[in-house]
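Starting from the given sequences, assemble the full structure and let the hints guide the process.
If you read the protein sequences in the order shown, they are chains X and L.
So the first sequence is numbered by my numbering: it starts at 9 and just counts up by one.
So the second sequence is numbered by my numbering: it starts at 19 and just counts up by one.
Only true hints are included.
In silico PhoX-like pairs for lysine-lysine, Cα to Cα no more than 25 angstroms straight-line:
1) L:K57 to X:K10
2) X:K69 to L:K57
3) L:K251 to X:K49
4) X:K49 to L:K143
5) X:K38 to L:K116
6) L:K206 to X:K49
7) X:K38 to L:K143
8) L:K206 to L:K143
9) L:K202 to X:K49
10) X:K49 to L:K116
11) L:K206 to L:K251
12) X:K49 to L:K33
If you are wondering where the hints come from, they were derived from the structure by calculation, not from laboratory data.
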Amino acid sequence: MKSEIIWMIIGMGLVTYIPRMLPFLLFQGKELPPFLQGVLKNVPYATLGALIFPAIFFIQKDDIWYGVLGACAAFLVSFLGANVIVVVLSSIVVLTVYSYLM
Amino acid sequence: MADLVLENHSSQFRKGLQAGVSIGIGYFPIALTFGLLAKTSGLSITETVLMSMIVFAGASQYISLSLIAYGTGVFEIILTTFIVNIRHFLMGATLNEKSDHDQLIHKIIYSFGITDETFSVAATKEGQVTSGYMFGLISIAYSSWVVFSGIGHLIGASLPQTLQESMGVALYAMFIGLLVPSMKTSVKVVFLAVLGAVFNTILTINDIMAQGWAIVTATLLSSIIIEIVEVFKTRYRGVGHEE
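Quick look at the structure:
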């Protein structure tokens with residue numbers, strides 16, 4: 009093992025762990041102002057929007073419709089009330105079938 | 019009924035494991051490809067597995083490989099990793115609000131396992147998040163990531179191309195599956211997600227900032243704007259426009 013790579017991995021690990029851990033240490037037992045609490049309650053849904061778009065359109069680099077189809081399949085199956093695993097598996101199946109047809 | 023039964027640690031752990039299955043599936047093709055690319059970038063199998071074990075952050079691990087290939091210095095790689103992963107601070111702060119009564123030391127330990135995916139699953143879960151649940155959720159995600167990184171390096175090949183591509187949708191489908199149930203019951207959630215998506219698309223497509231920052235900025239903009247709207251709605255409720 010090259011020691012430079014090991015140091016790089018340790019450094020990457022530290023700078024990744026610290027932002028993950030720090031909020032729990034800083035805000036332990038503290039009551040944040042109501043406005044800030046409200047903002048943090050909004051974060052999951054805003055993050056999900058940002059995590060899905062635009063990245064889902066680029067899962068297949070030359071064919072934007074591939075991502076559009078995957079997104080539509082996931083939205084539809086999920087809207088019908090299926091649980092997350094079913095949503096995941098059916099999107100995979102839809103796209104696999106699509107690539108065989110194309 | 020069920021609310022009154024104090025659930026023990028191990029059943030919470032099991033719930034976490036179950037909730038993590040889709041993450042486990044979603045990490046499989048990405049980890050496999052990471053292992054393969056790490057091999058072609060000249061990392062040994064020990065280094066590859068060690069990176070997945072110690073860093074446990076997909077996007078930044080991929081970026082580090084391309085930086086290694088460019089011959090970028092170690093310091094710059096670490097700095098880039100920091101920038102890409104700064105968004106976890108916001109996620110940690112959000113989860114901290116949802117997990118009030120746990121021991122600090124448990125949170126300090128499980129915070130290591132906060133990724134976009136474990137965060138999304140935990141944050142959209144109903145009710146409070148317990149340490150047992152987080153440990154369950156993270157163990158399955160972490161195992162999938164570490165084991166399949168190693169296997170990817172070992173076999174030195176990825177899945178058949180069609181399967182590889184179709185499995186690439188897994189994590190996005192999971193995000194959608196987590197989001198839609200809440201969208202059905204809350205207009206606010208719809209606005210939050212749409213604004214987050216629109217801001218992130220504008221910031222990313224126009225190359226305004228690095229991806230790590232774009233997600234944080236889009237999330238904050240959306241969350242703050244909607245919260246301000248909410249505050250105004252509450253303040254002027256009764257004046258005539260609302261309800």
